[in-house]
Amino acid sequence: MAVTVLTAALYIELLRSGADNLQRHAKQVNDLNVFPIPDGDTGDNMLLTISGGADAEYDTDDLSTAAGQAAQSMLLSARGNSGVILSQLFSGLADGLNGCLQADISVFVSAMQCGVDKAYKAVVNPTEGTLLTVARETAEFAAANSFSSFEELFRQCIEQAKLSLNRTPELLYVLKQAGVVDSGAAGLIYIMEGMYSCLSGEPVQALPVHALGKAAVDVSLFTEDSILEFGYCTELLVRLQNSKTDIARFSLDAFRDTLSTLGDSIVLLKDGSIVKLHIHTMTPSKVLEAAQRYGEFLTVKIENMMLQHNEVVAEENTRAGERKKYAVVAAATGSGITETFTDFGADAVINGGQTMNPSSGDFIEAFNKVNADTIFVLPNNGNVILAAEQAAKLYKNSEVRVVPTKSIGDGYSVLSMLDMEGKSADEIFSDMNDAMADTITAEISCSIRDAEINGMQISKGQYIGIIGKDIVSADTDCVDTACRAIDKMNIQDHACVMIIRGKDGSPEHSAAVAAYIAAHYPLAEVYESYGGQEVYDFLLVAE
Amino acid sequence: MAKIKILTDSCSDLNGELLEKYDIDYARMKTIRGGTETEASLTWEYYTPKELYDLMRRGERITTAQVPPTEFIRLFRKYLDEGFDIIYIGCSLKQSGSVNTGSVVANDILKNYPDRKIACIDSLNSSTGEGMLAIRASMLAAQGKSFEEITDEIMRYRNNVIEYCTVHSLEYLRRAGRVKGASAFFGNLMGVKPIIIADADGVQTPIKKVKGRQNSFEELANLLAENIIEPENQTIYVAHADCSEAEVNALISAIKAKVNCKEIITGYIGPIVGASIGPDAVAVFAFGKEVTYRVGEVD
Numbered sequence: 001m002a003v004t005v006l007t008a009a010l011y012i013e014l015l016r017s018g019a020d021n022l023q024r025h026a027k028q029v030n031d032l033n034v035f036p037i038p039d040g041d042t043g044d045n046m047l048l049t050i051s052g053g054a055d056a057e058y059d060t061d062d063l064s065t066a067a068g069q070a071a072q073s074m075l076l077s078a079r080g081n082s083g084v085i086l087s088q089l090f091s092g093l094a095d096g097l098n099g100c101l102q103a104d105i106s107v108f109v110s111a112m113q114c115g116v117d118k119a120y121k122a123v124v125n126p127t128e129g130t131l132l133t134v135a136r137e138t139a140e141f142a143a144a145n146s147f148s149s150f151e152e153l154f155r156q157c158i159e160q161a162k163l164s165l166n167r168t169p170e171l172l173y174v175l176k177q178a179g180v181v182d183s184g185a186a187g188l189i190y191i192m193e194g195m196y197s198c199l200s201g202e203p204v205q206a207l208p209v210h211a212l213g214k215a216a217v218d219v220s221l222f223t224e225d226s227i228l229e230f231g232y233c234t235e236l237l238v239r240l241q242n243s244k245t246d247i248a249r250f251s252l253d254a255f256r257d258t259l260s261t262l263g264d265s266i267v268l269l270k271d272g273s274i275v276k277l278h279i280h281t282m283t284p285s286k287v288l289e290a291a292q293r294y295g296e297f298l299t300v301k302i303e304n305m306m307l308q309h310n311e312v313v314a315e316e317n318t319r320a321g322e323r324k325k326y327a328v329v330a331a332a333t334g335s336g337i338t339e340t341f342t343d344f345g346a347d348a349v350i351n352g353g354q355t356m357n358p359s360s361g362d363f364i365e366a367f368n369k370v371n372a373d374t375i376f377v378l379p380n381n382g383n384v385i386l387a388a389e390q391a392a393k394l395y396k397n398s399e400v401r402v403v404p405t406k407s408i409g410d411g412y413s414v415l416s417m418l419d420m421e422g423k424s425a426d427e428i429f430s431d432m433n434d435a436m437a438d439t440i441t442a443e444i445s446c447s448i449r450d451a452e453i454n455g456m457q458i459s460k461g462q463y464i465g466i467i468g469k470d471i472v473s474a475d476t477d478c479v480d481t482a483c484r485a486i487d488k489m490n491i492q493d494h495a496c497v498m499i500i501r502g503k504d505g506s507p508e509h510s511a512a513v514a515a516y517i518a519a520h521y522p523l524a525e526v527y528e529s530y531g532g533q534e535v536y537d538f539l540l541v542a543e
Numbered sequence: 544m545a546k547i548k549i550l551t552d553s554c555s556d557l558n559g560e561l562l563e564k565y566d567i568d569y570a571r572m573k574t575i576r577g578g579t580e581t582e583a584s585l586t587w588e589y590y591t592p593k594e595l596y597d598l599m600r601r602g603e604r605i606t607t608a609q610v611p612p613t614e615f616i617r618l619f620r621k622y623l624d625e626g627f628d629i630i631y632i633g634c635s636l637k638q639s640g641s642v643n644t645g646s647v648v649a650n651d652i653l654k655n656y657p658d659r660k661i662a663c664i665d666s667l668n669s670s671t672g673e674g675m676l677a678i679r680a681s682m683l684a685a686q687g688k689s690f691e692e693i694t695d696e697i698m699r700y701r702n703n704v705i706e707y708c709t710v711h712s713l714e715y716l717r718r719a720g721r722v723k724g725a726s727a728f729f730g731n732l733m734g735v736k737p738i739i740i741a742d743a744d745g746v747q748t749p750i751k752k753v754k755g756r757q758n759s760f761e762e763l764a765n766l767l768a769e770n771i772i773e774p775e776n777q778t779i780y781v782a783h784a785d786c787s788e789a790e791v792n793a794l795i796s797a798i799k800a801k802v803n804c805k806e807i808i809t810g811y812i813g814p815i816v817g818a819s820i821g822p823d824a825v826a827v828f829a830f831g832k833e834v835t836y837r838v839g840e841v842d
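Line by line, the protein sequences give chains A and B. Counting from 1, position 207 in the first sequence corresponds to residue 207 in our numbering; the numbering is continuous, with no gaps. Count along the second sequence from 1, add 543, and you get the number used in our numbering.
Hints may contain errors.
[What the hints assert, rightly or not] List time: in silico BS3-like cross-link candidates among lysine-lysine, alpha-carbon distance up to 30 Å: (1) A:Lys-286 with A:Lys-324; (2) A:Lys-176 with B:Lys-751; (3) B:Lys-723 with A:Lys-276.
Everything labelled a hint here was simulated from the structure, so no lab data went into it.
Turn these sequences into a full structure, and let the hints steer you where they fit.
What follows is the structure, given as structure tokens:
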């Protein structure tokens with residue numbers, strides 16, 4: 001039976017039904033939180049707000065009174081920005097229904113616009129791509145069309161609202177970055193769906209929220225004969241379990257070591273007992289197995305990257321037609337160092353494969369990929385500087401500036417202080433040179449043969465410490481070799497020391513060196529990190 | 544003409560002494576831990592600063608809730624009934640929606656007090672940067688300035704509050720969604736310490752990087768010295784999130800070496816700003832040259 005008149009009783013029922021449906025989906029709304037730890041509060045806030053109206057006692061046959069009362073209750077229970085905006089939508093709606101014992105469709109549609117106007121007024125700087133946008137576009141659609149019943153009005157408005165919701169990532173960059181639609185807008189749609197189900201007598205057929213806002217995947221990109229080239233983009237949220245591991249002492253580094261044998265582009269974060277893991281791997285099953293040793297999954301996302309064009313494109317730094325002003329290409333080896341360099345803003349990190357020294361050709365390939373007007377290059381030793389300069393001479397599509405970084409430590413100093421906002425190429429180049437000016441790097445490695453250098457006798461298998469071109473220490477004990485090298489680095493003139501552990505370096509040795517520095521150079525700040533590099537068990541960087 | 548009451552909120556980081564001295568009341572926000580809400584008290588009625596920041600150091604998530612409408616209704620009604628007009632100076636709208644909510648409630652409530660005035664002002668700042676503006680408003684009220692004179696002056700001097708803040712990591716702020724800046728400032732920075740300011744729109748944004756904590760204190764002092772106006776007449780405010788006494792003293796020494804000011808008042812970063820910025824943050828505030836930098840859209 002088509003409903004064409006809105007009474008007080010129906011209004012209250014719609015409100016309660018809307019609140020009900022939001023309650024069922026509040027968690028999904030929370031999960032649209034832009035930061036990927038599911039403790040967002042938009043769903044809860046909107047629910048508390050609308051419940052103020054839904055849970056109130058009503059004793060009136062007058063639509064105007066009921067709407068006004070509901071709005072007042074919602075204002076009192078409003079929580080958070082989305083809650084306050086929601087309460088203003090209902091407050092404006094009540095203003096539009098003022099004086100009406102009942103309302104027909106056209107009066108209600110006008111009142112919707114009043115709601116939108118009041119909500120916009122309540123916010124000093126209204127942001128598009130949010131709840132406000134979806135509410136506005138829905139009200140505009142309603143005003144531009146005619147409907148035979150309230151059911152039709154709601155059904156079509158919900159359809160429009162969902163289209164509007166899917167557009168929110170285009171309007172609000174942080175949504176696009178996080179790959180979600182706007183949570184407040186999604187909350188509003190759940191409320192509307194609850195209302196529709198009340199009118200139509202149909203149970204709510206809400207789409208699961210994660211399906212909203214995702215572009216359809218083109219499965220033809222991977223056929224029966226395709227070869228898996230890029231692997232799977234795998235993202236896991238893992239809840240560490242007390243029964244499986246000591247949560248407080250859970251070592252991300254050790255886990256990262258394991259993962260680095262399974263894939264790359266590793267992002268690993270720990271927040272309390274939740275671990276977020278992102279990896280590109282050919283063997284997701286092995287990653288899942290490794291993760292399950294420590295806990296159980298909260299969410300799992302595995303996507304064939306040949307279908308996920310965006311990720312692959314971003315990873316290769318090729319955006320056809322999108323030329324950047326500046327880019328940084330760094331030479332480095334070691335999964336940890338590569339990750340750190342990328343985090344700091346290196347657009348490409350090349351490791352030169354077997355010889356660990358990239359060729360000029362390798363650099364040119366990287367220059368093509370980063371596609372920028374000015375490219376800053378950070379080599380990691382003297383040989384690489386030559387190859388980089390050679391490549392710079394040959395490369396005509398960009399201005400290439402080679403920074404004289406002779407070690408990972410130099411590269412680290414430059415990248416950690418990287419700040420290219422609003423600066424000219426000359427300023428950036430000058431800043432880079434300044435950043436590395438006082439940096440001293442010591443490399444701790446195992447000697448591959450007997451030798452006598454600088455009056456020092458070195459046996460094969462002994463640890464040696466190298467600063468620049470000089471061997472400054474040698475000992476059978478790794479920690480002693482490192483500490484002797486530290487003593488040659490003028491730590492007292494530096495603010496920070498980084499101990500970068502290589503593939504063969506042990507965390508215990510790293511801790512021992514850190515303790516030595518703390519004891520002898522108490523004013524220095526010491527940071528330990530995992531570099532994963534071959535050859536050098538430890539890199540000690542003083543800056 | 545009615546007397547004027549100055550109000551602020553839980554983000555203003557004014558300690559009990561200052562609140563009393565300048566007769567300022569504040570709208571309470573809430574901190575939330577494990578689903579339980581607690582009023583965010585600037586006089587630390589429910590937990591000590593050390594308790595809050597130690598929880599965060601141990602990895603516990605503390606989230607926050609802005610001022611609910613009921614709290615504004617309570618506070619506004621209290622002072623309206625006592626015969627005051629109200630000037631509420633609130634946290635930057637880029638950090639909290641409280642000023643919006645205050646405006647909505649004020650419009651509604653003034654229907655019952657037709658001869659009264661309530662102004663809800665976006666301070667464009669937070670922590671003691673916001674608190675300083677409330678103190679200034681209070682001093683103007685004590686001098687007998689009119690409602691409009693006070694609101695005009697606060698609106699004019701909002702952008703003259705200078706803030707320089709440093710942290711070990713921007714991750715707390717990022718997680719709370721309360722910092723905006725180029726990606727080069729995020730991630731595991733280790734020895735790199737960002738220097739954060741409140742930009743012209745009231746956004747918290749990092750503007751430079753410094754190597755080492757001690758150097759970051761030197762930089763705070765440098766920036767303060769470069770941008771402060773008439774230091775000899777000014778009080779510099781230092782707010783910290785449970786830093787050690789040694790660190791606070793080191794910062795104060797660095798400031799005294801570069802700036803000749805009337806006095807330096809030190810206090811804690813309150814529960815709301817603290818929950819967003821994280822332990823061991825420290826910031827300096829004063830009136831200085833107008834802030835014109837805007838971070839805008841960044842990647």
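Worksheet item: Quick check: which numbered hints come out false for this structure?
Response: Number 1 only.
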